[in-house]
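Listed below, chain by chain, are the residues.
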Amino acid sequence: MLMRRVDLGLDNDSCTCFDGALGNLSWDSPNDAGEVLMNTNNIFQIVLFLGVLLVFVKPLGAYMARVYSGSAFFANRFLGPIERLVYRISGIDSQAEMTWKLYSMAVLCLSLVSFLAVYLIQQFQGFLPLNPDGFSAVPHDLAINTAISFMTNTNWQGYGGESTMSYLTQMLALTVQNFVSAAVGMAVLISLVRGFTRRTANTIGNFWVDFTRGTIYILLPLSSVLALALASQGVVQTFSPPQIVPLLEPLVDADGKPVTTQAISVGPAASQIAIKQLGTNGGGFFNANSAHPLENPTPLSNFLQLLAIVLIPAALCYTFGDMIGDRRQGWALLAAMGVIFVPLLVCVTMAEQQGNPSFGEMEIDQTASAIQSGGNMEGKETRFGIVNSAMWAVTTTAASNGSVNSMHDSYTPLGGLIPIWLMQLGEVIFGGVGSGLYGMVIFALIAVFIAGLMVGRTPEYLGKKIGAFEVKMAALAILLPCATVLVGTAFGVVTDAGKETIFNPGPHGFSEVLYAFSSAANNNGSAFAGLGANTLFYNGMLGLAMLIGRFGVLIPVLAIAGSLAAKKTVPVGPGTLPTHTPLFIVMLVAVVLVVGALSFFPALALGPIVEQLHQAKQGSGS
Amino acid sequence: MFAQLRTATLLLLAITVLTGVIYPLVVTGVAQLLFPKQSNGSLFRENDQVLGSELIGQAFASPRYFWSRLSATSPVPYNGNSSGGSNFGPLNPELKKSVDARIKELSGTEPLNKPVPVDLVTASGSGLDPHISPAAAEFQVSRIAKARNLSEEVVRELVVQHTEGRQFGVLGEPRVRVLRLNLALDQVPQKK
Numbered sequence: 001m002l003m004r005r006v007d008l009g010l011d012n013d014s015c016t017c018f019d020g021a022l023g024n025l026s027w028d029s030p031n032d033a034g035e036v037l038m039n040t041n042n043i044f045q046i047v048l049f050l051g052v053l054l055v056f057v058k059p060l061g062a063y064m065a066r067v068y069s070g071s072a073f074f075a076n077r078f079l080g081p082i083e084r085l086v087y088r089i090s091g092i093d094s095q096a097e098m099t100w101k102l103y104s105m106a107v108l109c110l111s112l113v114s115f116l117a118v119y120l121i122q123q124f125q126g127f128l129p130l131n132p133d134g135f136s137a138v139p140h141d142l143a144i145n146t147a148i149s150f151m152t153n154t155n156w157q158g159y160g161g162e163s164t165m166s167y168l169t170q171m172l173a174l175t176v177q178n179f180v181s182a183a184v185g186m187a188v189l190i191s192l193v194r195g196f197t198r199r200t201a202n203t204i205g206n207f208w209v210d211f212t213r214g215t216i217y218i219l220l221p222l223s224s225v226l227a228l229a230l231a232s233q234g235v236v237q238t239f240s241p242p243q244i245v246p247l248l249e250p251l252v253d254a255d256g257k258p259v260t261t262q263a264i265s266v267g268p269a270a271s272q273i274a275i276k277q278l279g280t281n282g283g284g285f286f287n288a289n290s291a292h293p294l295e296n297p298t299p300l301s302n303f304l305q306l307l308a309i310v311l312i313p314a315a316l317c318y319t320f321g322d323m324i325g326d327r328r329q330g331w332a333l334l335a336a337m338g339v340i341f342v343p344l345l346v347c348v349t350m351a352e353q354q355g356n357p358s359f360g361e362m363e364i365d366q367t368a369s370a371i372q373s374g375g376n377m378e379g380k381e382t383r384f385g386i387v388n389s390a391m392w393a394v395t396t397t398a399a400s401n402g403s404v405n406s407m408h409d410s411y412t413p414l415g416g417l418i419p420i421w422l423m424q425l426g427e428v429i430f431g432g433v434g435s436g437l438y439g440m441v442i443f444a445l446i447a448v449f450i451a452g453l454m455v456g457r458t459p460e461y462l463g464k465k466i467g468a469f470e471v472k473m474a475a476l477a478i479l480l481p482c483a484t485v486l487v488g489t490a491f492g493v494v495t496d497a498g499k500e501t502i503f504n505p506g507p508h509g510f511s512e513v514l515y516a517f518s519s520a521a522n523n524n525g526s527a528f529a530g531l532g533a534n535t536l537f538y539n540g541m542l543g544l545a546m547l548i549g550r551f552g553v554l555i556p557v558l559a560i561a562g563s564l565a566a567k568k569t570v571p572v573g574p575g576t577l578p579t580h581t582p583l584f585i586v587m588l589v590a591v592v593l594v595v596g597a598l599s600f601f602p603a604l605a606l607g608p609i610v611e612q613l614h615q616a617k618q619g620s621g622s
Numbered sequence: 001m002f003a004q005l006r007t008a009t010l011l012l013l014a015i016t017v018l019t020g021v022i023y024p025l026v027v028t029g030v031a032q033l034l035f036p037k038q039s040n041g042s043l044f045r046e047n048d049q050v051l052g053s054e055l056i057g058q059a060f061a062s063p064r065y066f067w068s069r070l071s072a073t074s075p076v077p078y079n080g081n082s083s084g085g086s087n088f089g090p091l092n093p094e095l096k097k098s099v100d101a102r103i104k105e106l107s108g109t110e111p112l113n114k115p116v117p118v119d120l121v122t123a124s125g126s127g128l129d130p131h132i133s134p135a136a137a138e139f140q141v142s143r144i145a146k147a148r149n150l151s152e153e154v155v156r157e158l159v160v161q162h163t164e165g166r167q168f169g170v171l172g173e174p175r176v177r178v179l180r181l182n183l184a185l186d187q188v189p190q191k192k
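Which chain is which? The protein sequence lines are P and U, in order.
For what it's worth, the numbering used here labels the leading residue of the first sequence as 1, then goes sequentially.
For what it's worth, the numbering used here labels the leading residue of the second sequence as 1, then goes sequentially.
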């Protein structure tokens, strides 16, 4: 009420018009402001985001289906020559077909070469051009960790971008892997689609072709558009060295020396940020990732990046339905994702809007009003406030993106629990490009298997009988990352090497380690960044976790694709469980949640849940 | 196996040229052409003199200036070469300590008679946040008016001029650009 005398012309007027659109949300009235955890603007920004996302699902999904089906389409005319040139340079026969084993070998070969390339560029960056800050070679363990991280689409960062990597490394090693690892994920998904559509076939497509087409026709055009849109908002894109600006009020550093200027790191960021979001990579150009004002300068850049994170994973659901010839199946998978996503998004927003109860006794105003977002603002940016930070935290961990626009380590216990859990669900709620949907299909196989057990019939999915081999592979793909998270965390909290670099005291410190392994083993890449992860222990352990999380899922998926492709299609009969109905969606959601809850509840109880209880005690005690 | 490794190497090379060289160079060229200011860090100038970046905040400690949010960067706050947040967990005693210290600084010698807006006592995620909330600006108006011997109306008017609403009326949060506001403060002639 302090601002009554001044008309800021800001919020009250513009907000009332949305009241009508969203029904009568009388709980936004300023009288009970202390209790408002979801105000009108919060709701409107969430609805807008989901609405715009849905608009893009069909056109982009249909386009991607054309790209991968190999038929001609308009982009062929401009980009076809580039595609054919790439095949000629690499000696690829675009007509050749691969068995699932050959396809897996191709994936592994490309990943191996990628790993070596990223590692070597980091080692030699000191001798290479485009290094205005004069960075020397990245230490071995960190370089290996980073190479694995970018090759597996995790983009976990044990380093600070602006203080470690030269512009050349950012471009040639990291930007390239943002494309490569994303295109690999999509290719594997498409081969799984072929497993369903092909009958008694022993091949599942050509990896080189799927990979190249995904890069050239999907990732590259979308990234180019997004990069320019971001640059218009103020994301830097330059090769000049850090900019030096004067300080209006000079500072004194720790040694008592005056500091009169500020060096501002810049670089070719926009081109990397665009693919970092579109490819669900998440590795930032700067240390603060998308919280950095030069990586995410405005609410519009934030909206576009947020959209880019889930754009391809959501649209691939449509592609999936389109390619298997029954679009309802794709919508059903997307609906299952949405059913889990939206309530969790609301939870995090409310948890963060509530603010930090341990500030209770202090004279601090955490209430949302027309002139401040209020809430738990530690680690959050003013321009994003609560709702855009919470939306990002949920979206980046639902999709296996891992970029952050606020520091998750400073979230409330409940606000931090949900991102951890979303990663632990196996990154199937949107998930990574390609990898999220193939993960969800794996859960669908488990769901039909359980349904089959209930009624005593052989399970089928999309016209294929699901046998023992498929179920075993599916179980493997689900259990390997789970086990890696739990075993890794256990090592982290019982060894001195693991405990040494925990930053926050108490249960929150446990959460930091749990977060790190959940993130690595599910190829997310975000962090409770207080944990000092650039140590031999964490570089090694998390590197291993990322490898298991990537290939421990990807190879079983390809095996399933190969096995399904070899089967006959069974016609739909009266006993077939329809997999596009609300009943099946509920079944699928239940399987995902039950597996996630049963595997991780004990671990979560030791971290965020204990912390929440502590906090509740503090809150009521004061 | 060997043939596949060879294909993989050549393919990675081709894709590297495409996505690691051509793509960033083309984006740089077009961005520099269309958005020269934005793509170089959004620096603003007066009489050819660079005054700062629209997007990167600075630290202020004098009572004569609006203060920015806390910054956890090291070795100095608002270090544009090393972004990052405090990473304090919500129950970390260190967080409470830093908030307490900030409240003490803000209150100076006289006791506070109003609660402090939360963004003024917490560190931003990047440590470079150029903004504070309009509430945080309003909180500081009386202090600055007193320190500069100006009327509160004059200072408040400047705050309003430097306040941005939500983008398109919808996105993000309302905010005040601290550096620009402080530069504008220095332009106001003091009344005698």
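Calculated directly from the structure, the hints in this document are not laboratory data.
This structure is a prediction, so every number in the text was calculated from the model and none was measured.
Where a beta carbon is used, it is the ideal one built from N, C-alpha and C, also for glycine.
Incorrect hints may appear among the rest.
[To be verified] Below, simulated EDC-like cross-link-like pairs (lysine to aspartate or glutamate); rule was C-alpha separation at most 16 Å, straight line:
#, chain 1, residue 1, chain 2, residue 2
1, U, Lys96, P, Glu249
2, U, Lys104, P, Glu363
3, U, Lys146, U, Asp100
4, U, Lys114, P, Glu363
[As the list claims (entries may be wrong)] Simulated restraints, written as ranges between beta carbons of each label pair:
#, chain 1, residue 1, chain 2, residue 2, range
5, P, Leu606, U, Val50, 28 to 38 Å
6, P, Lys257, U, Val50, 36 to 46 Å
7, P, Asn202, U, Phe168, 19 to 29 Å
8, U, Met1, P, Gly467, 54 to 64 Å
9, P, Ala62, U, Gln187, 50 to 60 Å
10, U, Pro63, P, Thr261, 20 to 30 Å
11, U, Lys97, P, Leu606, 24 to 34 Å
12, U, Glu153, P, Glu361, 53 to 63 Å
Status of the hints after comparison with the structure:
The straight-line distance between the Cα atoms of U/Lys96 and P/Glu249 is roughly 27 Å, outside the 16 Å bound, and the hint therefore fails. About 11 Å separates the Cα atoms of U/Lys104 and P/Glu363, which keeps this hinted pair within 16 Å; it holds. Proximity of U/Lys146 to U/Asp100 is assessed by CA-CA distance (about 24 Å); at most 16 Å being required, the pair is judged violated. Proposed proximity of U/Lys114 and P/Glu363 is supported: the alpha carbons are some 7 Å apart, at most 16 Å.
As the Cβ distance of P/Leu606 to U/Val50 is approximately 51 Å, the hint placing it in 28 to 38 Å is violated. Checked against the hint of 36 to 46 Å, the pair P/Lys257 and U/Val50 fails, with Cβ atoms roughly 22 Å apart. At roughly 54 Å, the beta carbons of P/Asn202 and U/Phe168 sit outside the given window of 19 to 29 Å. Range check, U/Met1 to P/Gly467: Cβ separation about 30 Å, and the 54 to 64 Å hint is violated.
Under the hint 50 to 60 Å, the C-beta atoms of P/Ala62 and U/Gln187, about 56 Å apart, fit the expected range. Our hint of 20 to 30 Å for U/Pro63 and P/Thr261 holds, since their Cβ atoms are close to 23 Å apart. For U/Lys97 and P/Leu606, the Cβ-Cβ distance of about 26 Å falls inside the hinted range of 24 to 34 Å, so the restraint holds. Evaluation of the 53 to 63 Å hint for U/Glu153 and P/Glu361 yields a failure: the beta carbon distance comes to about 34 Å.
In this structure, the hints that do not hold are numbers 1, 3, 5, 6, 7, 8, 12, in rising order.
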